[in-house]
Amino acid sequence: MTPERFTRRDVAPAAWRGEVAAALADGWRFAGLWAEAAGGDGPALRAAFHRHGERLLLAAPAARDTIVDLVPAAGWDEREAHDLHGAAFAGHEPLRALVDHDAPTPQWTVPVEGRDVFQVAVGPTHAGVIESGHFRFHVVGERVLHLDLRLFYKHRGLERAAEGRPVTDALRHAERACGADAVANAIAFAHAVEDARGLVPTPDLARARTLLAELERLYNHLNDLSAICAGVGFAPGTMAFAGLKERAMRLNATLTGHRFLHGSVRVGGSGLAISAPAASELRSALAELRAETRRAWRELQFAGSVQDRFDGVGVLALEDARRLGAVGPAARAAGLAIDARTDAPRLAYRELVPAVPEQPGGAVAAPVEVRGAGLPVGVDLLDELLAAPLEPSVAEPGGASRRDGLALVESPRGQTLCAVALGDGGVVDRLHLRTGSYANWPVLAHVVPGNLLPDFPLINKSFELCYACADR
Amino acid sequence: MFVLLRQLQRLRRDAALTAPRRRGSLALRHIDVGSCNACEHELTAVSSPYYDMARHGLGIVASPRHADVLLVTGPVTTRMREPLLKAYESMPEPRTVAALGDCAMGCGVLGDVAALAPPLDELLPVAVRIPGCPPSPDAIAAHLLAYLHGEEPPA
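Quick note, the sequences are listed as chains X and A, same order.
Positions 1 to 472 (the working numbering) are the ones given, in order, by the first sequence.
Positions 1 to 155 (the working numbering) are the ones given, in order, by the second sequence.
None of these hints come from the bench; they were simulated from the model.
Beta carbons: idealized from backbone N, C-alpha and C, even for Gly.
Be aware that one or more of the hints could be misleading.
Short, incomplete list of chain A residues facing chain X, as computed with Cβ under 7 Å [unchecked claim]:
1) Leu4
2) Cys36
3) Ala38
4) Pro49
5) Thr77
6) Leu110
Here are some chain A residues the structure puts well away from chain X; computed CB gaps all over 12 Å [stated by the list, open to error]:
7) Ser25
8) Pro118
9) Glu122
10) Leu124
11) Pro131
12) Pro153
Build the full structure now, drawing on both the sequences and the hints.
Structure, rendered in structure tokens:
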């Protein structure tokens with residue numbers, strides 16, 4: 001393959017807004033914004049954009065003006081850059097606290113006033129096996145008027161901890177940002193480092209990583225369907241899909257020795273080897289899983305009481321999905337045909353077409369359909385990838401090396417950006433991970449108002465976002 | 001729905017789970033203090049048809065007030081320190097703290113010192129340690145059952 005075209009444009013703080021506006025007008029799509037420690041006063045600022053496999057990195061020596069009016073999706077990015085790195089953004093008013101938990105309540109909530117308005121505070125701990133995060137619902141009766149999210153309870157400072165470490169160490173930090181999206185995160189990191197070092201994967205390496213990414217997507221989507229059934233109290237569906245997920249995870253363990261495929265992605269190569277008999281065994285196990293998943297999925301389609309609950313709840317409008325930068329199944333459910341897999345020359349996807357439901361409407365039914373319809377496609381892809389045995393493989397030189405590397409990978413939850421800056425001796429100066437969950441959390445907060453409070457668990461599960469990789 | 005139930009019935013037969021031989025139960029309250037979400041996946045799987053921990057008397061409860069065991073996942077972030085201590089204070093005596101996974105045990109923790117609180121061991125009395133990254137559903141059930149029946153933890 002030829003490496004993606006990469007442009008780094010250094011801009012003065014005063015020209016930042018203009019450059020961003022010009023990039024958007026040129027058809028570039030926003031992929032993330034972050035701060036990087038610099039020698040002078042305050043941190044330097046970076047923003048990444050993509051356009052048909054091309055990458056653009058805007059770099060300013062300091063932050064000055066906000067871009068949230070141009071790119072609403074950058075809202076959380078700017079708030080995080082402020083809270084963690086002290087970057088200031090003129091015009092981002094009010095710049096609400098995001099990661100900073102010391103801020104008093106009025107500084108991170110939106111005032112909602114009126115007759116009979118009251119707040120329902122939920123979390124950080126929840127009544128089941130759920131990650132930690134806080135939701136502040138402003139309601140009248142059961143109708144939600146506004147939702148304030150307060151995440152980052154699980155902030156472990158992984159990005160900062162990775163600074164100054166060799167690439168192999170930093171890989172673990174990126175991977176373990178999320179247990180369930182570990183492969184996507186690790187591939188994104190490996191791609192970013194290889195991008196910076198001017199390495200490109202051989203076809204075998206691309207195949208090995210695509211295989212791992214699709215195995216991860218398979219068990220995640222089975223898990224999501226199980227969770228959505230739990231969200232409407234449909235126990236047979238919850239258990240049937242939990243059983244199917246377990247089988248997918250056992251296949252992972254057989255193949256890589258780890259149920260979550262942890263540790264199976266490396267930088268610069270892959271140790272994954274699959275012999276011809278092992279590949280054919282795996283293919284027949286997947287075919288069996290595909291058939292049973294299809295049966296269970298069909299049953300779900302005909303469970304009237306379940307489908308009733310999916311309808312008209314948690315609607316994400318296409319225009320909002322585009323404006324707020326929704327990604328992954330949530331965006332596709334709204335009719336936005338975006339999928340980082342269609343633009344992935346470093347992986348072996350070839351002619352993948354993003355699955356958009358027949359009737360995109362964004363209600364809970366649509367993301368459910370995106371996952372359900374995506375399952376057989378994913379298994380067919382796995383079957384194709386396993387058509388030949390796999391040998392350990394490496395990345396080979398294919399371009400010039402530089403300090404910055406960018407990568408975009410489609411995780412089960414959506415497009416994940418990994419940005420690295422490599423320092424002297426191959427250590428990581430800066431690692432930034434903007435996962436699909438991170439992009440979609442603000443979208444979820446936008447979708448919930450207007451719905452009933454008791455429908456929140458269902459809406460939440462239709463997005464099925466991860467807290468760990470948003471908090472890092 | 002009947003297809004799903006038949007599928008589950010067949011699954012149940014294939015899984016060939018053993019019948020519990022002993023009595024007793026533990027009410028478990030899970031709290032995530034900074035995990036990567038893998039331990040949560042495996043803990044959820046313990047209730048799935050392939051493991052079905054309920055048959056051994058192990059169940060997840062919705063409040064620390066109903067719990068015998070506080071099942072902790074993750075390395076304790078500064079921001080989860082207080083909710084963790086509050087959850088423990090809310091539990092009735094006798095109460096037990098179980099560290100689920102390597103992070104909660106303080107092993108191989110990744111993260112920035114400034115974002116992490118002291119390890120669980122230094123904050124609360126930990127009685128059950130379930131190693132693994134993440135521990136498998138079998139291992140989670142085995143450690144909790146060993147504790148329930150006063151046996152040595154599995155090697």
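What hints, given by number in increasing order, does this structure fail? none
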